[in-house]
Amino acid sequence: MSAETATPSRLTDAPGATHARTGAAGARSMRAVLPALLRKELLVELRTLQAVPGMSLFALSTFVVFHFALNRGTVAGDLAAGVLWVTLLFAALLGVNRLFVADADQGGFDGFLLAPAEPGAMLIAKALTLLAYLVVLEIVAVPAFGLLLLGPSLGRALPDLIWVLALADLGVAAVGTLVSAIAVQTRARDLLGPLLALPLLVPIVIGAARASEPLLAEGHVGHPAARWLLMLGLYDLVFGLIAYALFDFLLED
Amino acid sequence: MPALELEGLARRYGERTALSDVSLSLREGQTLVVFGANGAGKTTLLRVLGGLLRPHEGTVRVLGRELPQERWALRGQVGLLAHEPLLYRELTATENLRYHASLHGVAPERVEHLLARLRLAGREREPLRTLSRGSVQRVAVARCVLHEPPLLLLDEPYANLDPAAIELVEPLIGRTSARTRVICSHDPERGLAEADVVLGLRDGRPALLASAPDTSPAEIAELYR
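From first to last, the protein sequence lines stand for chains A and B. Our numbering puts the first residue of the first sequence at 1, with every later residue one more than the last. Our numbering puts the first residue of the second sequence at 1, with every later residue one more than the last.
Please keep in mind that the hints were generated in silico from the structure rather than gathered at the bench. Quantities reported herein were computed from a predicted structural model and do not represent experimental measurements. Careful, some of the hints might be misleading.
Using C-beta positions, here's what the derived DEER-type ranges look like [what the hints assert, rightly or not]:
id, chain 1, residue 1, chain 2, residue 2, range
1, B, P2, A, D253, 18 to 28 Å
2, B, D203, A, L230, 32 to 42 Å
3, B, T130, A, E218, 27 to 37 Å
To list a few chain A residues with every Cβ distance to chain B over 12 Å, as calculated [what the hints assert, rightly or not]:
id, residue
4, L79
5, I124
6, I139
Ideal Cβ positions, reconstructed from N, Cα and C, are used throughout, including at glycine.
Just chain B, with the same shape it has in the complex:
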């Protein structure tokens, strides 16, 4: 069964079309990397796949669930790493993660495990607003994988992370995590290394859809011109 099946997906914000005529299929365990200039529709696509935005046209099936009708059934199955960390700035890393653990029915030991694993132990009792962007991004990664979702939706997941931090998060959200992933990226080199399937968006429309080995960095660079 495909993890993602999109057929003629469209999404609008008022008069503005954010996504139009997006069709693709992705098997379980594969990675789709989405390229496109700012405003091309990448984040909108992630939010539709996460069940947070309603598709206005077309068919969208995520993990076998048709959206928006079955989006309730998708809850708890998706890990979203967005531009915003989806964490409360006044709470500490531990408080934020324990809150999300309660919502997902995850044992508190998992929180301690992830904090230690992402080398956040020692700063886990400071409010998030006092942490660096990189540290907040690591907490956001922990939140995203806390419940071990089979589908990861990652919007520029390595933003704000230094090389050591990237190495820490790689087993959780990288290729070795063996999860189905949709990644939005502006980095052709890293993106192609991660991808099984490449989608290029221009003004919300697919300008490129190909398997990663058949895609060249020059084709991706073309999307930004």
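Just chain A, with the same shape it has in the complex:
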């Protein structure tokens, strides 16, 4: 037996051992575990490149398909808003479907549930991860939309459009994380994810498209209507709270 063979007393003298026994009294707060969860999400995506490149390529391909299918060089106004938001919605679904796959397939849920970490931390980490995916998607897709399809100048619309994108992204992140956590527990997760997500995301698409419509119209006719921005904000809040309330139950058996 090697010299490293330890007696029980040496084990408890190991480096870090004094911090080790957390358990019931040492529950880890969200602030304590969130950086580790986010770092893990980022590393897994950077190593696999499964979500963001797929979402971005999907969006670019869809714009090209719209370009030919609509049989017109450019779009504007309500049509432009519809094309942009439907494309972003379907691209987002690809990310939603992949969000929990590594955790479900590689025991990540069990590893997390065995630790004294606040369960909501995983929800927040996943929602922030999906939000980051959406931001990267839009950094690629929105300028591409401006180049390939949009008639009016994107530059003038962009300052207001960023607010609409941000509000819609928050809602997609909340709904998407919730739906993904439900779907990943089932055998038909690839089918169930979009089936559950689409009806829940329709109000976001309606609100975002209506809010974007004046921004993408010829001559940039105005600002987004406050009622649509308010609707998006309320939807974000409601689904954020629902996701937070339900997530513990979804993780547990």
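Starting from the structure of chain A, add chain B where the hints point.
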């Protein structure tokens, strides 16, 4: 206080009964070894004891906590070494262990210590998917004991390990670790050597419950017939 107290435990998956009428008690520091053919309910028992599965009937107390009501309080108190390593294949050993160390509030030095101790230093920066099964099992052992849990739940812990690796992990998860352990095994000889109490399961029901000195390898072999 007993570390484990089970009374009439039952667990089902839909219509199928995975565990039924399991009752036993295990003192702190003792080892329970569970034998049984594939599908006998061994893994389900470990997952119930770890708070990962809800018992459907009976009383389950683990480290004084009643499950499922107090399973939150059990988190951080259990080390589970399952068939799956509970590690991310795309991350390195160091990244995986540091992630779990953060979840458990363990200092990073403990990760370095365990990597060195399990002779993983040198390969700790390679993604897990590139490591051999034996190396992955050693990382899984490190994850399991990272937070020094008082209760170890070990599902065939020596699977994929060569004799030298078994010698490395023995002080961490073996008898000398002086922890309460529940081990699932198919190896009567090694299992009996590890055990204080033996539980044999057949189709989810206890077919054998005895102290290790009172159990013969022939009785264990009978469980597989």
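Structure-based check of all given hints:
1. For P2(B) paired with D253(A), a C-beta distance near 24 Å keeps the hint of 18 to 28 Å intact.
2. Distance hint for D203(B) and L230(A): a CB-CB separation of about 60 Å, inconsistent with the stated range 32 to 42 Å.
3. Here the CB-CB span from T130(B) to E218(A) is close to 56 Å, at odds with the stated 27 to 37 Å.
4. At roughly 41 Å, the least C-beta separation between L79(A) and chain B is larger than 12 Å, which holds for a residue marked as non-interface.
5. Listed as outside the interface, I124(A) is consistent with that label: its C-beta sits roughly 14 Å from the nearest C-beta of chain B, beyond the 12 Å cut-off.
6. Every CB of chain B is more than 12 Å from the CB of I139(A) (nearest about 24 Å), matching its label as outside the interface.
In this structure, the hints that do not hold are numbers 2 and 3, in rising order.
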